[in-house]
Amino acid sequence: MNHTVYEKIRNNPSFSQLTHSRSRFGWGLSLVLLLVYFGFIATLAFAPQYLSKPIGSGFLSVGIFAGIGIILLCFFLTGLYVHKANGEFDTLSDSVYDALRED
Amino acid sequence: MRETSMSAIIMFFVFVIAILMVTFWAAKRTRTAKDFYVSGGRIKGLQNALAISGDYMSAASFLGVSGLVYLKGFDGLIYSVGFLVGWPIILFLIAEQLRNLGKHTFAGVISYRLQQKPIRVLAAIGSITTVLVYLTAQIIGAGKLIEVLFGLPYELAVVCVGILMMLYVAFGGVLATTWVQIIKAIFLLSGASFMAYMILNYLDFSFDTLFESAVFIRDTDAIMGSGGLIEDPISAISLGVALMFGTAGLPHILMRFFSVGNAKESRKAIFYATGFIGYFYILTFIIGFGAIILVSTNPQYLDLAQTSLIGGENMVAIHLSHAVGGELFMGFISAVAFTTILAVVSGLTLAGASAISHDLYANVFAKDDTDEMQEMRVLRYAILALGSTAIIFGIAFKEQNIAYLVGLAFAIAASANFPILFLSLYWKKLTTRGAIVGGYLGLTTVIILIILGPVVWGEIINGDALKAIFPYRYPALFSMGVAFFGIWLFSITDTSLEARKEREAYDQQFVRAQSGIEF
Chain A
1168 MNHTVYEKIR
1178 NNPSFSQLTH
1188 SRSRFGWGLS
1198 LVLLLVYFGF
1208 IATLAFAPQY
1218 LSKPIGSGFL
1228 SVGIFAGIGI
1238 ILLCFFLTGL
1248 YVHKANGEFD
1258 TLSDSVYDAL
1268 RED
Chain B
149 MRETSMSAII
159 MFFVFVIAIL
169 MVTFWAAKRT
179 RTAKDFYVSG
189 GRIKGLQNAL
199 AISGDYMSAA
209 SFLGVSGLVY
219 LKGFDGLIYS
229 VGFLVGWPII
239 LFLIAEQLRN
249 LGKHTFAGVI
259 SYRLQQKPIR
269 VLAAIGSITT
279 VLVYLTAQII
289 GAGKLIEVLF
299 GLPYELAVVC
309 VGILMMLYVA
319 FGGVLATTWV
329 QIIKAIFLLS
339 GASFMAYMIL
349 NYLDFSFDTL
359 FESAVFIRDT
369 DAIMGSGGLI
379 EDPISAISLG
389 VALMFGTAGL
399 PHILMRFFSV
409 GNAKESRKAI
419 FYATGFIGYF
429 YILTFIIGFG
439 AIILVSTNPQ
449 YLDLAQTSLI
459 GGENMVAIHL
469 SHAVGGELFM
479 GFISAVAFTT
489 ILAVVSGLTL
499 AGASAISHDL
509 YANVFAKDDT
519 DEMQEMRVLR
529 YAILALGSTA
539 IIFGIAFKEQ
549 NIAYLVGLAF
559 AIAASANFPI
569 LFLSLYWKKL
579 TTRGAIVGGY
589 LGLTTVIILI
599 ILGPVVWGEI
609 INGDALKAIF
619 PYRYPALFSM
629 GVAFFGIWLF
639 SITDTSLEAR
649 KEREAYDQQF
659 VRAQSGIEF
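Line order of the protein sequences matches chains A and B.
Offset between the first sequence (1-based) and the working numbering: plus 1167.
Offset between the second sequence (1-based) and the working numbering: plus 148.
Everything labelled a hint here was simulated from the structure, so no lab data went into it.
Ideal Cβ positions, reconstructed from N, Cα and C, are used throughout, including at glycine.
Some hints here could point you the wrong way.
Claimed, not checked - Short, incomplete list of chain A residues facing chain B, as computed with Cβ under 8 Å:
(1) Y1204
(2) G1230
(3) F1232
(4) L1259
(5) S1262
(6) V1263
Could you build the full structure based on these sequences and the hints that come with them?
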C-alpha cells in the first residue's frame, strides 16, 4: 500500500469532482427507476384493478402500457448513463491519471 | 395431437452439433486458469453484450415467460419487467466500482477489506445455493423440451441433459460458453423476431387486433391486467424486491462484468445488452399473446383430452414455432432453446464450480500450496457435484413453473448476496462479523421460508398449497430485511480491533473503487 499515491489521488480536485458528480448522477438515475418500478409494483399490490383499464378507446391496458414503458425506460436510462460516463466522467478520471503521471 | 416429427429432430441435431463444434474449437484455445474464468479479458464490447444477453435470456425467459404470458397475459409481464430493472441499477451503482477494484468474483469484491477466509466461505455458499436453484429451473426446461421433441420420458431427458452439460463445461470453460452464448443469442433473437413478425403479420400489424382476439378467445379480459398470479399485496412487493435486487446478487452475471478489458467497451456492452434483453422480453410478450390466438385454438397442440398443451405451458413457444414456421422451424427453435439452456446452465455451473474451486478450495483449504493444475482438477469435481445435484432437483421439482423457480433464485441472491455486496461498497461501518452473521441469517431465512412455503411444504410435501406453514410464495421481502438488519446490528456492535481496521480500510477501498488506480 503506497500512502503518498493514495493521498495524492484523494486530494486531487478532479477526483472529488468525479466521485461527487458520478455518485449524484448514478443515484439520481437509480431513484427515477426505483420510483417508477415500485410505483408499478405498489399499484399491482394495492390497486390492481386500475391496471386492467383500457387506454383510450383501444384494447391496450394501463398495465401492459406501463410494463412495456418500464422496459423502454431501462434502455433509455442506461444509454444516458453510458453517454455521460464515457464522456464527462472518463475525462475527469483521465485528468486524475495525468496529475499522477506528472509527479 | 401431433406425432413427433423426423425432420424437426434432424434439424435439431444438425444445429446442436454445429454449436458443440464451436465449443470444442474454442476449448482448444483455453490454456490457463485465468483464460478459463474470464477469457483473459479478450472479449470485445458487442460480443460481451451478446454473451451477457445470452446468459440472461435463459430457458425461464424464453419458455417460462412466454408460457406465463400465454397462461396469464399481463402477469407474465411482471416477471419480464422485474428481470430487466436490476440491470441499470447494477450499472449505476455497482459495476464501475467492481471493475475498478479489479476483483474476479463476487467473493473477491466483498473480501477486499474484510477477512478473506470466512467471507469467501460465505460468498461461496451463497453463490452455490443461488446457482443450484437457477440450474434446477433450467434443467426442468430442458427436460420438458426433450420430452416433447423426442417423446422420451422426462426423467431420462433430464439425466441426458445433465450429463451433456457437465461434459460441456468441464472441457470448454468460459471462453467456449462465451462463444456459445454469442451465437445462440443471435439465433434466439432472430428466431423470436421471426415468430413475433409472423404473429403480427397474421394480424395485419395491429396490436389492438392482437389484444382483442386474445380476449375474445379467452372470453375474459383478465389477461389485460393483474390476473391471479399475485395473490396479495405482500406477495407483489416481495416479488418486486426479489427481482429488482436479485440481479446484482447473481454470481454468473457479476462474473461477466469482468470479461471486457476496457471500461468504455464494458459500459457499452451493458447498454447494448439492456437493449437486447428489453427487446427480447417485448418479443416473448407478443409470442405469449400470439400463442393464445394461434396455439390454444389448434387441436394438434393439445393433449388427447384436448384440455391442456402437450408438455405443459412451458412449451408454448415451441408449439408456436411449429404453427408459424412448420417442422423445420420448430426443429431450429428447439435447438436454439436447447443450446440456450445448455449455455446458461454451463455459465451457471461454471460460476458455482469456480466458487468452490477458487473461493473455497484455493483460498481457504489449500491456502499455502496450490497450483493451477490442482485447482482445475477441483473445478472439474465441483462441476460433477453441482451437475448431479441439479439433476436430482430437476426430477424432484418437475411440476414447478420454471419462471417461478428462477424468481426463487433471485430471492436467494437478493437475500444472501446483494446486501453484503451493496454494503461493502457503500457502508463504511460494515465489519466481517456483521457480514458473516447477517449473510448467514439472510441465507438461512430465505431457505427456511422457501421450505415452509406453499410450494415445498404445501404442494410438494403435503399436496396442498394451503397447508404451508409460511403463507407467501415469495420470501425475499422478509429474508432480505433480516439480512440487512443482521448486518447492521452485528456491525455497529462490533468493537474489536479488526473491526476498526476494516472501517479504516474503507477510505482506501473507496479511492481505489472510484479511481481504478492501484496503490
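Results for each hint:
For Y1204(A), the interface hint holds, the least distance from its beta-carbon to any beta-carbon of chain B being 5 Å, beneath 8 Å. Against a cut-off of 8 Å between C-beta atoms, the interface hint on G1230(A) holds, since the closest Cβ of chain B lies about 5 Å away. With its C-beta approaching chain B no nearer than about 10 Å, F1232(A) sits outside the 8 Å limit, and its interface hint is violated. The criterion of a C-beta within 8 Å of any C-beta in chain B is not met by L1259(A), whose closest approach is roughly 10 Å, and the hint is violated.
With 8 Å as the threshold, the beta carbon of S1262(A) stays out of range of chain B, its nearest partner Cβ sitting at about 11 Å, so the hint is violated. With a cut of 8 Å, the hint placing V1263(A) at the interface with chain B holds, because the nearest CB-to-CB distance is about 6 Å.
In summary, the structure is inconsistent with hints 3, 4, 5 from the numbered list given earlier, while agreeing with the others.
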